[in-house]
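Colleague: For reference, the chains in residue letters:
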Amino acid sequence: MANTIAVLDYGAGNLSSVQNVLRHFGAEFIVTSRPADVERSSALIFPGDGEAAASMGELRRTGLDEALRSFHASGRKILGICIGCQVIFSHSEERDTACLGLIPGEVKRFPRTQGLKVPHMGWNSVRFRFRHPVFEGVPQGSSFYFIHSYYPVPANVRHSAAETEYGETFASAVAARNMVAVQFHPEKSGPVGLRLISNFLSWDGYWDEDGAADDA
Amino acid sequence: MLEKRIVVCLDVRDGRTTKGIRFENNVDVGDPVEMARQYYEEGIDELVFYDIMASAERRKIRIDTVRRVAEQVFIPFSVGGGISSREEMREVLLAGAEKVSVNSAAVRAPRIITDGASLYGSQCIVLGMDARRDPAMPSGYRVVIDGGRTPTDLDALAWARQAEELGAGEIVLNSIDADGTRGGYEIELTRVISEGVGVPVVASGGAGRPEHLLKVFREGRADAALIASMVHSGDFSIGGIKDYLRERGIPVRVT
Chain A
242 MANTIAVLDY GAGNLSSVQN VLRHFGAEFI VTSRPADVER SSALIFPGDG EAAASMGELR
302 RTGLDEALRS FHASGRKILG ICIGCQVIFS HSEERDTACL GLIPGEVKRF PRTQGLKVPH
362 MGWNSVRFRF RHPVFEGVPQ GSSFYFIHSY YPVPANVRHS AAETEYGETF ASAVAARNMV
422 AVQFHPEKSG PVGLRLISNF LSWDGYWDED GAADDA
Chain B
64 MLEKRIVVCL DVRDGRTTKG IRFENNVDVG DPVEMARQYY EEGIDELVFY DIMASAERRK
124 IRIDTVRRVA EQVFIPFSVG GGISSREEMR EVLLAGAEKV SVNSAAVRAP RIITDGASLY
184 GSQCIVLGMD ARRDPAMPSG YRVVIDGGRT PTDLDALAWA RQAEELGAGE IVLNSIDADG
244 TRGGYEIELT RVISEGVGVP VVASGGAGRP EHLLKVFREG RADAALIASM VHSGDFSIGG
304 IKDYLRERGI PVRVT
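Protein chains in written order, with my numbering: chain A, 242 to 457; chain B, 64 to 318.
These aren't lab readings, by the way, just hints derived from the structure by calculation. There could be a bad hint or two in this list.
Lysine to aspartate or glutamate pairs mimicking EDC-like chemistry, simulated, CA-CA at most 16 Å apart [to be verified]:
#	chain 1	residue 1	chain 2	residue 2
1	A	Lys358	B	Glu258
2	B	Lys278	B	Glu251
3	B	Lys278	B	Glu310
4	B	Lys123	B	Glu150
5	A	Lys349	A	Glu334
6	A	Lys349	A	Glu406
7	A	Lys358	B	Glu228
8	B	Lys123	B	Asp77
9	A	Lys358	B	Glu227
Label pairs and their computed distance ranges (CB to CB) [unchecked claim]:
#	chain 1	residue 1	chain 2	residue 2	range
10	B	Leu157	A	Ser315	28 to 34 Å
11	B	Gly303	A	Gly378	23 to 29 Å
12	A	Asp451	B	Glu310	43 to 49 Å
13	B	Glu310	A	Tyr447	30 to 36 Å
14	A	Asp451	B	Gly261	40 to 46 Å
15	A	Arg353	B	Leu157	27 to 33 Å
16	B	Ser296	A	Gly356	33 to 39 Å
All C-beta atoms, glycine included, are put in the ideal place defined by N, C-alpha and C.
The shape of chain A in the complex, shown without the other chains:
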């Protein structure tokens, strides 16, 4: 298996910042929308801005949905970013969309209440709920850059790896075995974001979620 990271290109926004960070670290990667490339890769980055229904439609059309499922089942590491932290769940409220179901849970919209501006845009602090190799060395409460209107609600609280306040407390990062997904944009979050991505690059993809749940 080639030691290459596949960056999924499924029409969901701009991939140039993710590519710039990978170049910055000298990582070997391909940007692809072909299931065969995904199959051959050793790690997967699932980025994207955009909308759940359109994203799922494109993933199905290209066959990337099945490629993602089998990649996930193979135990190789996956990093989801933003919309890639949403469509891994079972369902999204955004146009009532059935999603990949890699992690049980829902994706909900921020309420339009009490002057809460939606999208949630800007820097906000992230509190990690447990230690994880991908968050190593990132100080508790670090600020990351967010831009989103929907947020994940894992069915099983132990999959919630970090929390952020915006109107309410939501899961700003999730972790489940070989997958970490973040609602914020580490590629736009300065030094702490770079650290998180560099941790992902060196992670072996193994994480004992049962052990971590006991710590939490």
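With chain A's structure known, arrange chain B on it following the hints.
Modeller: Same frame as chain A, now just chain B:
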């Protein structure tokens, strides 16, 4: 808690920044890429590049600048100034900018906001708006274009709301009265717009001292504040401004 953003604005003309006194000793004065990198290292939250002068080669130079900034600066930045077509938006976003801002072109043909938002998402499309005090207008402020030279019939609040409806994801609100004075932001204008729309508002024009930012966050209800000469001159540092705000209870990003 969502933090208040401090945004540094760099005015670029044919690929060179036009103000940058304090950089004289340590970096290439006028190289927007170098200046951006320096501010990034000092902990700025976001950058805005305004292309203030047109030239035949402008687009090519602009794209090259955006690309070089994106390779080194891992925070959001936007690009504006004379952008009037979907093609220009696409170029700038693909080169690595997080957002593009449209100003006069959107007043002349509001469709560019809708087009941009449907192609790239509202989060990429910023409305730049210049406003001038005018008691004849319902909100007390009139929209002006072409860098403040041309008055329009638009009321500032009505235009802000219309732009939000069309799909703008953020508004950079510049007071022509305060711009360049370093005497403080136009608080009333900022408050009227910020409370009147559901998207973030970046206050612009008039920043000269950290107190001005404190006031525009507290009283103007701004989500972000744009600064330029107060830091380009070397009179204040990003860290110093953030310390000042944090000590007074404004949530800002610590780096």
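Colleague: Just pull the numbers of the violated hints for me, sorted ascending.
Modeller: Hint check: 13 fails alone, others pass.
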